Amino acid sequence: MTCKKQGVQFNGTKEQEVALKEMISQLKDTKGSLMPIMQKAQDIYGYLPIEVQTIISDETGIPLEKIYGVATFYAQFALQPKGKYQVSVCLGTACYVKGSGDIFHKIEDILGITNGECTPDGKFSLDSCRCVGACGLAPVMMVNGEVYGRLTVDDVPGILAKYE
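Position one of the sequence shown corresponds to residue 1 (the UniProt record's numbering), numbered consecutively onward.
Each hint should be verified, as a subset may be incorrect.
Said to hold, decoys possible - Okay, derived cross-link-like pairs now, DSS-like style, lysine-lysine, Cα gap no bigger than 30 Å in a straight line: (1) 106 - 162; (2) 84 - 31; (3) 28 - 66.
Unchecked claim - Distance ranges between label pairs, derived from CB positions: (4) 114 - 10: 14 to 22 Å; (5) 162 - 25: 38 to 46 Å; (6) 157 - 74: 42 to 50 Å; (7) 54 - 143: 31 to 39 Å.
Please keep in mind that the hints were generated in silico from the structure rather than gathered at the bench.
Computed from a prediction, not measured in an experiment: that's the story for all the values here.
Think of the CB as a built atom: it goes at the ideal place given N, C-alpha and C, for glycine as much as any other residue.
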């Protein structure tokens, strides 16, 4: 998977496209099928790039702008691919007042990406979240679900280095 800060190079396969079109043909005549189609498309590709949204539009007759609107409205849909290591920083109240904003900015500086983006090598993606349920460990970040708590900005480089 190739991704870069300015945009994403789409690398879908013919097999993925066939699977997507077969799934769409099975669901497209069902009332309210757009969300299930988009969810299954994201399962196939891992995210919903404009190329996939265009296929959905072409196959269903639903305007591309409506599909894009749904994709950008619901947090469950990703327009960018996720990295091998998915970094998430809690920006909920408890974490934020204890410095998670600074931690988030440090990660942005180290990785050269911002919220919702993936590094050019596909190794890291960065997302913010609102609560991981570990307020007693604030501030908290996660890497692929592994929780790191009671962080300082100085802890960040060492944590990310574990995943190099």
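These are the hints, each one checked on the structure:
1. Between residue 106 and residue 162 the alpha-carbon distance is near 16 Å, which keeps this suggested pair within the 30 Å criterion.
2. Simply put, residue 84 and residue 31 have alpha-carbon atoms about 36 Å apart, too far for the 30 Å limit, and the pair is violated.
3. For the hint linking residue 28 to residue 66, the alpha-carbon distance of about 15 Å falls within 30 Å, and the restraint holds.
4. Residue 114 and residue 10 have their C-beta atoms about 21 Å apart, which keeps the hinted 14 to 22 Å range intact.
5. Taken as a hint, the range 38 to 46 Å holds for the pair residue 162 and residue 25, whose Cβ atoms sit roughly 45 Å apart.
6. Distance hint check for residue 157 and residue 74: the Cβ-Cβ separation is about 34 Å, which falls outside the suggested range of 42 to 50 Å.
7. Taking 31 to 39 Å as the suggested C-beta distance range, the pair residue 54 and residue 143 conforms, at roughly 33 Å.
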